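Trainee: One-letter residues, chain by chain:
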Amino acid sequence: MNNKNNLFERDQLKVAFKQAFVKLNPAVMVKNPVMFTVEIGTSIMAFVCGAILLGHQGEGSFLYNFIVFLILLSTLLFANFAEAIAEARGKAQADSLRRTREETLAKKVLSDGKIEEVNSSFLKKGDHFFCEAGDVIPMDGEIIEGLATIDESAITGESAPVIREAGGDKSSVTGGTKVLSDRIKVLVTSEPGESFLDKMIALVEGASRQKTPNEIALTILLAAFTLIFIIVCVTLKPFADYAQTPITIAAFISLFVCLIPTTIGGLLSAIGIAGMDRALRANVITKSGKAVETAGDIDVLLLDKTGTITIGNRKATNFYPAQGVSFHDFVEAAVLSSLSDDTPEGKSIVELANQMNTDIGLDVSELTSRISESIKFTAETRTSGVILKDGTDIRKGAQDAARNIAKHAGNDFPIATSDKVTTISANGGTPLVVIKNGKVQGVIELQDIIKTGMKERFERLRKMGVKTVMVTGDNPLTAKFIAEKAGVDDFIAEAKPEDKMNYIKNEQLQGKLVAMMGDGTNDAPALAQADVGVAMNSGTQAAKEAGNMVDLDNDPTKLIEIVEIGKQLLMTRGTLTTFSIANDVAKYFAIVPALFITAIPALQGLNIMGLHSPESAILSAVIFNAVIIPLLIPLALKGVAYKPIGASAILKRNLLIYGLGGIIVPFIGIKLIDLAVGIFV
Amino acid sequence: MYTEFVGIALTFGLAILLAIPFGKFIAQTFSGEKTFADPFFNPFEKIIFSVSGIDPTREMNWKQQLKAMLGLNFLWFGLCYLVLLCQGFLPLNPDGNPSMSPDLAFNTAISFVVNCNLQHYSGESGLSYFGQLLLMFLQFVSAATGIAAAATVFNAMKERTTQTLGNFYNYFVKSCTRVLLPLAVVIAIFLAFNGTPMTFDGKDKITTLQGDSVEVSRGPAAAFVSIKHLGTNGGGFFGANSAHPLENPNYFTNCVELWAQLIIPFSMIFALGFYLKRKKIAYVIFGVMTIGFLLLVIPTVVSEINGNPALSKMGISQTGAMEGKEVRFGAPMTGFWSIATTVISTGSVNGMHDSTMPVSGAMQLLAMMVNAFYGGCGVGFLNFYIFIILAVFISGLMVGRTPEFLGKKIEAREVKIAAFIAILHPLLILSGTALAAHFAASDTEMGYWLDGKASGWLNNPGAHGFSEMLYENTSSAANNGSGFEGLADNNPFWNILTGILLWLGRFIPIIGPVAIAGLLAKKKFIPESSGTLKTDTTIFGIMVFAVIAIIAALSFFPALALGPLAEYFS
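Respectively, the protein sequence lines represent chains A and B. When we follow the UniProt record's numbering, the leftmost residue of the first sequence carries the number 1, and every step to the right adds one. When we follow the UniProt record's numbering, the leftmost residue of the second sequence carries the number 1, and every step to the right adds one.
Hints listed in this document are in silico derivations from the structure and should not be mistaken for laboratory results. Just so you know, not all the hints are guaranteed correct.
Computed footprint of chain B on chain A; a stretch qualifies when at least three of its residues, placed anywhere within it, have a C-beta under 8 Å from a C-beta of chain B [as the list claims (entries may be wrong)]:
| hint | region |
| --- | --- |
| 1 | 19 to 25 |
| 2 | 174 to 180 |
| 3 | 211 to 224 |
| 4 | 338 to 348 |
| 5 | 504 to 516 |
| 6 | 599 to 606 |
| 7 | 612 to 626 |
Pairs of lysine-lysine, DSS-like flavour, derived with a Cα cap of 30 Å [said to hold, decoys possible]:
| hint | chain 1 | residue 1 | chain 2 | residue 2 |
| --- | --- | --- | --- | --- |
| 8 | A | Lys237 | B | Lys524 |
| 9 | B | Lys524 | A | Lys290 |
| 10 | B | Lys523 | A | Lys211 |
| 11 | A | Lys512 | B | Lys453 |
| 12 | B | Lys534 | A | Lys505 |
| 13 | A | Lys211 | B | Lys416 |
| 14 | A | Lys439 | A | Lys31 |
| 15 | A | Lys290 | B | Lys522 |
| 16 | A | Lys420 | A | Lys439 |
| 17 | B | Lys34 | A | Lys505 |
| 18 | B | Lys24 | A | Lys512 |
| 19 | B | Lys24 | B | Lys416 |
| 20 | A | Lys496 | B | Lys313 |
| 21 | B | Lys453 | A | Lys467 |
| 22 | B | Lys522 | A | Lys211 |
| 23 | A | Lys439 | A | Lys455 |
| 24 | B | Lys280 | A | Lys638 |
| 25 | A | Lys652 | B | Lys34 |
| 26 | B | Lys34 | B | Lys205 |
| 27 | B | Lys205 | A | Lys652 |
| 28 | B | Lys205 | A | Lys237 |
| 29 | A | Lys467 | B | Lys534 |
| 30 | B | Lys280 | A | Lys652 |
| 31 | A | Lys643 | B | Lys524 |
| 32 | B | Lys453 | A | Lys463 |
| 33 | B | Lys523 | A | Lys652 |
| 34 | A | Lys287 | B | Lys277 |
| 35 | A | Lys467 | B | Lys277 |
| 36 | A | Lys315 | A | Lys455 |
| 37 | A | Lys652 | A | Lys290 |
| 38 | A | Lys512 | B | Lys158 |
| 39 | B | Lys280 | A | Lys290 |
| 40 | B | Lys24 | A | Lys505 |
A quick note: this is a predicted structure, and the numbers were derived from the prediction, not measured. Beta carbons are placed, not taken as given, at the ideal position from N, Cα and C, and that holds for glycine.
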């Protein structure tokens, strides 16, 4: 995966440069009202230049008009270039994913059961194919037979292989990933060219890119600004006639182009594409630009506890021996009961004992040699353990199971231990009771381990105004403890799939936007109901179809990043709009005096920048107007940085930088350009 | 000079101070809460409702509200037009004044219906008392229309989801009976005691000290002058408006008349705060408006006090620029009044705006071009509301969230309407001025539209003439009604042109905000979170101010440069 953040690469620049000219086609330009009017202005200037060459008088020199024409043309090209470079970057990102799947051979299963090697592009939805160790999976699909370890690093960048198997929630495979072991039979689930990746690529390439609601509203506003300045410029003609001040066509068009919001108009679509591109760089495939935008508005975030908030497995954290049992004996019994237990919990008990090794002097290898038979966990006994060579029977299990064993052996369950069990449960832990020959030895405390950094992340979300909700199958008491420890705002305990759904619906009824992540088929309805549903790439096909984003990394905390990308997208649009409009102040002061100064010398008082001559003033303003677009392309592509400091503080900051900055910068810029232009004029 | 400033400060301060309790009263009136005044007004209103067959509890949606509003206004326009056309034959005409020409009647009827009162006639010779009374009635109802429309928007801004926004007629009647009438009566009595005539007798004959015999026009002026200010109408009884000694006898009445035009626009803003139970938002809006107002007032007053540099050059000492001003008011008060009357769409004058300094002229124009600092009764807030919507949209994006205003999402449809309203004002002013400037520049023979050539309507050539045309169009589109008074405006061209501007400049900016508010009211209410942009903060206030300054003011920059700015730098 190419995660490099080089803004411009040589071949992308080349493509974008060419596209900048291709996009001059008026049929394409008309979609962007602001730039379309600039194109009309540019064509008028071309006519004016032609007319002067044919001997028309009164519009100034050919050179001056031609320069104005060239600057306007470059304004258009710059704007087109911005869009093209954003597209090229997104496309390059998508291509690097797509390339991995091109020209792979697929072992297609024919109707008679034979296997034929075909090119992956000939696979259709509903076809079956086999993949063996070493094969690249040719298409997105679902495993229907077998199990395999798969290297998904081509997509996710994560080098550790993952296991995918038929049935259950981990049955889906992605084209371009590589099978490392075993053999699987896969059902193709999408038509060629319709996989998520293909859809994404189409979005970035603009073929099916639709404007998002906010983008539409902003386009309307920008069109309105354009209209105001059409009115201003058209009515200026009779005003000037009355004041007996002839104004050249070049001056009219320059004034108009400078006043309309070309900066944001030129960068608007680049910002939108770059937003999706940033999502892709975060390894999230979005089905629409709207989903990214909506992510920025999220009010509530539903997160599964296991695997998201906690590291997924419980870990032993403490040994509590029963009365009359020495600590050393108890730990020894606990370790013995867990040595042949392959579950993560069992391993963590041995691990914890090892950490204490120096204190109590246990020799794990010596202990192993004492075991004669291991007893696996069954649903019936609900305990697991070992029988030693000397006949000792050691078990561990939940409290009620342990109580039964003790009762059978005619032993009491010590009250102190029973109390300990209750305390551990109340603290969100899981108690495991160890029994040796029917006698209670003590309790092992297992705890959910909260992933490092989660608390800070939730704090960050809270500052963004996002409420976090933990979803868990635990009982309410345990859930509450973990929720508090992790710093989430709310939790759903003993959650059934429909609980998630109801919670989402309830929040939505209150007008809130809800995001959730899920992988299982039973998550699909909730993913579809949520405003932003992020399916894990490892999840089932149903989940991926239901959500509007797919996270290739299967990282449940990815939503936080997505929310920030969404916010950045809106902020970049807002700040550049503000900047663009604030620029008008300086441009007015550059051009308006220049228009009238020859007829009304008194208006020299308005020339507060002290610009060289009317011609140089107009040229400086249009040059500034054109040059600012490419200068802002990096910002449009990277996005304005988001910091969760509260809405008013962000507004203050952005208003200061882009509002006040937008007023001051052009004064300086235009003056500097005027100094340079003044040398030649 | 010192006392003149005290008068200004006291009037301004008292208006703010009294606007707070009065705003609370207005809020209670429109939210239907019980007030101390109920026993006085309820029986009175009951009669009005039962006579007119209105059920004040019938809920209306925003479209029904607008239909009711437009229907009423069309009715009055028709009625007023007919009366003015025939007033010569109608009763209450002791001075035997003639009927109006069709184009003047058209202009006058519209301008009173739309709360503008442009007055291309002189009251003394142009109107019968019957006409004056009808116009006085319109000064009530046009102000009440604005207040009622604002009440509809207040209702829509509440934190809930709804289709219906109360009853327009209910708001309208209560605006008249509870807001306008009581204050109007008090002020009229005060003016009458200070020498403003209140009679139905015709002209009075007096013999001056020099022994000449002079006829002095009079009439039911006190009542007229009172509502002209309270309702931010500005239509004077006499041609000279509040510069006329009978309409505004002394410095004290001047202060009261100034106070009367400030009180309701101020109160409406505070009423919003009480109505929504969000006082802070009212303070922010009021703060932004006040800063805008002061930025216009200060340069005006300063330039008026400094006097005319052309006279100073001639070595004539002056106490401020006194040309076209009344000695009893002085330069600072006249300067202050000129901005108050243009910021608030009153348009009554106590001096000649044509004779004020170029800076003052520019400020007066700017005040009407912005048309959202305080503004007219009710409509001032409606204009400001449009700028709030635009500011919310841009700043909402800037903080990375789909823009919301008071829990409602601002989407394409609302932006479309707000943008359209924001464009309308410059469109009306600039295209009207462009038309006039075009004819004046080519000095066209105007035929029916004007006796003679187009330049005939200009009293001054060059930049000042341009200012006069710009002023007339601006005053019409802003529904202000004040005139630069240098322009020959009683002719078909100006009567009909400004009539159209008045009509469009009045009703579309009412329809727009009501439509936006109605659409927003229907949307799902979203509770505030820490990611929501708060609209009752200083920083948001600055944002709104910036939007107003850049959108409303800057689009007029080229026009101002050719008019008052060109004069100023000369």
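Trainee: For every hint, state whether the structure bears it out.
Mentor: Evaluated hints:
1. For the region 19 to 25 of chain A, the proposed coverage by chain B is not satisfied: 0 residues have a C-beta within less than 8 Å of a C-beta in that chain, short of the threshold of three.
2. Residues of the region 174 to 180 of chain A with a Cβ under 8 Å from some Cβ of chain B number 0, which does not satisfy the need for three, so the listed coverage is violated.
3. Chain B is given as covering the region 211 to 224 of chain A, and this holds because 9 residues of the stretch bring a CB closer than 8 Å to a CB of that chain, at least three being needed.
4. For the region 338 to 348 of chain A, the assignment as covered by chain B is violated, since 0 residues bring a beta-carbon within under 8 Å of that chain's beta-carbons and 3 are needed.
5. Using a Cβ-Cβ cut-off of 8 Å, 3 residues of the region 504 to 516 of chain A lie near chain B, which meets the minimum of three, so the contact claim holds.
6. With 6 residues bearing a CB less than 8 Å from a CB of chain B, the region 599 to 606 of chain A meets the requirement of three and the coverage assertion stands.
7. Look at the region 612 to 626 of chain A against chain B: 0 of its residues bring a Cβ nearer than 8 Å to a Cβ of that chain, fewer than three, so the hint is violated.
8. With a C-alpha separation of about 47 Å, the suggested pair Lys237/A and Lys524/B falls outside the 30 Å cut-off, and the hint is violated.
9. For a cut-off of 30 Å, the pair hint linking Lys524/B to Lys290/A stands: about 19 Å separates their Cα positions.
10. A C-alpha spacing of about 22 Å is found between Lys523/B and Lys211/A, which places the hinted pair at or below 30 Å, so the restraint holds.
11. Under the criterion of a C-alpha separation no larger than 30 Å, the hint pairing Lys512/A with Lys453/B is inconsistent with the structure, at around 65 Å.
12. About 26 Å separates the Cα atoms of Lys534/B and Lys505/A, which keeps this hinted pair within 30 Å; it holds.
13. Annotation: proposed proximity of Lys211/A to Lys416/B holds, straight-line Cα distance about 16 Å (limit 30 Å).
14. For the given pair, Lys439/A sits about 81 Å from Lys31/A by alpha-carbon distance, which is inconsistent with the 30 Å threshold.
15. Restraint check for Lys290/A and Lys522/B: satisfied, since their Cα atoms lie roughly 23 Å apart, inside the 30 Å limit.
16. Pair hint Lys420/A plus Lys439/A holds up; C-alpha atoms about 16 Å apart against a cutoff of 30 Å.
17. About 39 Å separates the Cα atoms of Lys34/B and Lys505/A, which puts this hinted pair outside 30 Å; it is violated.
18. Among the hinted pairs, Lys24/B with Lys512/A is inconsistent with the structure: their alpha-carbon atoms are about 33 Å apart, more than 30 Å.
19. Straight-line distance between C-alpha atoms of Lys24/B and Lys416/B comes to about 33 Å, which puts the hinted pair past the 30 Å bound.
20. Annotation: proposed proximity of Lys496/A to Lys313/B is violated, straight-line Cα distance about 90 Å (limit 30 Å).
21. Taking the CA atoms of Lys453/B and Lys467/A, the gap is about 72 Å. The hint is violated against a cut of 30 Å.
22. Using a Cα cut-off of 30 Å, the hinted pair Lys522/B and Lys211/A holds, with the two alpha carbons roughly 24 Å apart.
23. Proximity of Lys439/A to Lys455/A is assessed by CA-CA distance (about 41 Å); at most 30 Å being required, the pair is judged violated.
24. Restraint check for Lys280/B and Lys638/A: not satisfied, since their Cα atoms lie roughly 37 Å apart, outside the 30 Å limit.
25. Of the pairs offered as hints, the one joining Lys652/A and Lys34/B is violated, with about 41 Å between alpha carbons and a cut-off of 30 Å exceeded.
26. Simply put, Lys34/B and Lys205/B have alpha-carbon atoms about 52 Å apart, too far for the 30 Å limit, and the pair is violated.
27. Among the hinted pairs, Lys205/B with Lys652/A is inconsistent with the structure: their alpha-carbon atoms are about 67 Å apart, more than 30 Å.
28. At roughly 53 Å between alpha-carbon atoms, Lys205/B and Lys237/A are farther apart than 30 Å, so this suggested pair is violated.
29. Restraint check for Lys467/A and Lys534/B: satisfied, since their Cα atoms lie roughly 18 Å apart, inside the 30 Å limit.
30. Between the alpha carbons of Lys280/B and Lys652/A the distance comes to roughly 18 Å, so the proposed pair stays at or under 30 Å and holds.
31. At most 30 Å may separate the alpha-carbon atoms for a hinted pair to count; Lys643/A and Lys524/B meet this at roughly 28 Å.
32. Of the pairs offered as hints, the one joining Lys453/B and Lys463/A is violated, with about 68 Å between alpha carbons and a cut-off of 30 Å exceeded.
33. Restraint check for Lys523/B and Lys652/A: the C-alpha separation of about 28 Å stays at or below 30 Å, so the hint holds.
34. The suggested pairing of Lys287/A with Lys277/B is violated, with an alpha-carbon distance near 43 Å, which exceeds 30 Å.
35. Restraint check for Lys467/A and Lys277/B: the C-alpha separation of about 27 Å stays at or below 30 Å, so the hint holds.
36. For the hint linking Lys315/A to Lys455/A, the alpha-carbon distance of about 19 Å falls within 30 Å, and the restraint holds.
37. Straight-line distance between C-alpha atoms of Lys652/A and Lys290/A comes to about 27 Å, which keeps the hinted pair within the 30 Å bound.
38. This hinted pair checks out: Lys512/A and Lys158/B have alpha carbons roughly 18 Å apart, not beyond 30 Å.
39. For the given pair, Lys280/B sits about 34 Å from Lys290/A by alpha-carbon distance, which is inconsistent with the 30 Å threshold.
40. Taking the CA atoms of Lys24/B and Lys505/A, the gap is near 40 Å; set against the 30 Å cutoff, the hint is violated.
Comparing the model with each numbered hint stated earlier shows that hints 1, 2, 4, 7, 8, 11, 14, 17, 18, 19, 20, 21, 23, 24, 25, 26, 27, 28, 32, 34, 39, 40 do not hold.
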